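Peer 1: Model the full assembly from the supplied sequences, consistent with the hints where possible.
Heads up: the protein sequence lines correspond to chains A and B, in order.
Just so we're on the same page, the numbering used here is the position in the first sequence counted from 1, plus 7.
Just so we're on the same page, the numbering used here is the position in the second sequence counted from 1, plus 2.
Honestly, the hints are just simulated from the structure, not real lab data.
Computed from a predicted model, the values in this text were never measured in an experiment.
Hints may contain errors.
[To be verified] Computed cross-link-like contacts, DSS-like style, restricted to lysine-lysine with a CA-CA straight-line distance of at most 27 angstroms:
#1 Lys101(B) - Lys7(B)
#2 Lys70(B) - Lys109(B)
#3 Lys85(A) - Lys101(B)
#4 Lys70(B) - Lys58(B)
#5 Lys18(A) - Lys39(B)
#6 Lys7(B) - Lys70(B)
[Unchecked claim] Label-pair ranges, simulated between beta-carbon atoms:
#7 Pro15(A) - Gln111(B): 28 to 34 angstroms
#8 Leu13(B) - Glu115(A): 21 to 27 angstroms
#9 Ser76(B) - Thr120(A): 34 to 40 angstroms
#10 Ser76(B) - Thr20(A): 40 to 46 angstroms
#11 Arg19(B) - Gly79(A): 44 to 50 angstroms
#12 Met31(B) - Gln87(A): 29 to 35 angstroms
#13 Ser14(B) - Pro77(A): 44 to 50 angstroms
#14 Glu90(A) - Asp57(B): 40 to 46 angstroms
[What the hints assert, rightly or not] Computed footprint of chain B on chain A, listed as stretches where at least three residues anywhere in the stretch have a Cβ under 8 angstroms from a Cβ of chain B:
#15 35–47
#16 50–56
#17 98–104
#18 113–121
The beta-carbon is built from N, C-alpha and C at its ideal position, and this holds for glycine as well.
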Amino acid sequence: GAGVSQTPSNKVTEKGKYVELRCDPISGHTALYWYRQSLGQGPEFLIYFQGTGAADDSGLPNDRFFAVRPEGSVSTLKIQRTERGDSAVYLCASSAGGAVPGELFFGEGSRLTVL
Amino acid sequence: DQQVKQNSPSLSVQEGRISILNCDYTNSMFDYFLWYKKYPAEGPTFLISISSIKDKNEDGRFTVFLNKSAKHLSLHIVPSQPGDSAVYFCAACSGGYQKVTFGTGTKLQVIP
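Peer 2: Spelled out as structure tokens, the structure:
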């Protein structure tokens with residue numbers, strides 16, 4: 008498809024488990040972002056990649072969260088020892104970088120529920 | 003700290019009338035401001051943006067106004083249509099640095 012693809016669309020897990028969320032950005036987009044959206048809140052920045060490197064990971068809440076983008080395309084957000092407070096919609100976005108500053112193309116999100 | 007604030011969680015407007023959504027920011031380093039629109043179960047989609055060197059940008063029924071001295075921007079939708087019913091997020095970034103900061107959103111309902 009032409010848009011940003013995120014899998015899984017829904018993930019239910021138990022407290023303490025490990026979770027991986029995948030993002031496939033728009034082809035050719037060099038910038039990739041992860042955001043988290045809790046109920047009633049706006050998207051909260053987690054991490055931003057330019058190519059393969061994390062240009063800004065200041066939004067990752069703690070060391071249980073980690074993200075990679077090894078080949079500069081697909082990215083995986085990894086959450087260890089999940090907690091109930093991690094329940095949210097995790098949004099991935101990509102950008103052509105420089106076209107319109109701040110114009111991000113979002114996927115539909117991965118809804119994570121930690122029981 | 004909430005650097006981008008939308009103080010109205012919801013707004014209800016009659017079809018054909020003007021919708022005005024407001025946003026305030028605190029970070030003086032922001033130089034690009036954007037509005038995103040979000041339907042349920044979908045990701046946000048970019049709607050319109052404005053550079054800090056302008057005070058108005060218009061695209062069809064949508065106009066964004068920026069008041070830098072007040073650190074305030076607004077989105078005007080005229081005329082409002084039922085299909086405009088969605089959550090609108092205000093966002094901001096520094097042009098050369100692509101971290102985008104979002105507000106908490108305003109849910110707009112346009113009543114037919």
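Peer 1: Determine for every hint whether it applies to the structure shown.
Peer 2: To see whether the hints hold, each was checked on the structure:
1. Lys101(B) - Lys7(B): holds, 17 angstroms
2. Lys70(B) - Lys109(B): holds, 25 angstroms
3. Lys85(A) - Lys101(B): Status holds; Cα separation ~20 angstroms.
4. Lys70(B) - Lys58(B): Distance ~11 angstroms between Lys70(B) and Lys58(B) Cα, so the pair holds.
5. Lys18(A) - Lys39(B): holds, 25 angstroms
6. Lys7(B) - Lys70(B): Cα-Cα ~15 angstroms, so holds.
7. Pro15(A) - Gln111(B): 28 to 34 angstroms: Cβ of Pro15(A) to Cβ of Gln111(B): about 31 angstroms, so the range 28 to 34 angstroms holds.
8. Leu13(B) - Glu115(A): 21 to 27 angstroms: Taking Cβ atoms as reference, Leu13(B) and Glu115(A) lie about 25 angstroms apart, which means the hint holds.
9. Ser76(B) - Thr120(A): 34 to 40 angstroms: holds, 36 angstroms
10. Ser76(B) - Thr20(A): 40 to 46 angstroms: holds, 41 angstroms
11. Arg19(B) - Gly79(A): 44 to 50 angstroms: holds, 47 angstroms
12. Met31(B) - Gln87(A): 29 to 35 angstroms: holds, 33 angstroms
13. Ser14(B) - Pro77(A): 44 to 50 angstroms: Given a distance of about 47 angstroms, which is inside 44 to 50 angstroms, the answer is holds.
14. Glu90(A) - Asp57(B): 40 to 46 angstroms: At roughly 45 angstroms between Cβ atoms, Asp57(B) and Glu90(A) fall inside 40 to 46 angstroms, so the hint holds.
15. 35–47: The restraint on the stretch 35–47 of chain A holds, since 4 of its residues have a Cβ under 8 angstroms from chain B and three suffice.
16. 50–56: n = 4 at 8 angstroms, threshold three: holds.
17. 98–104: With 4 residues closer than 8 angstroms to chain B, the stretch 98–104 of chain A meets the three-residue bar; holds.
18. 113–121: holds (count 4)
Violated hints for the displayed structure: none, as all numbered hints are satisfied.
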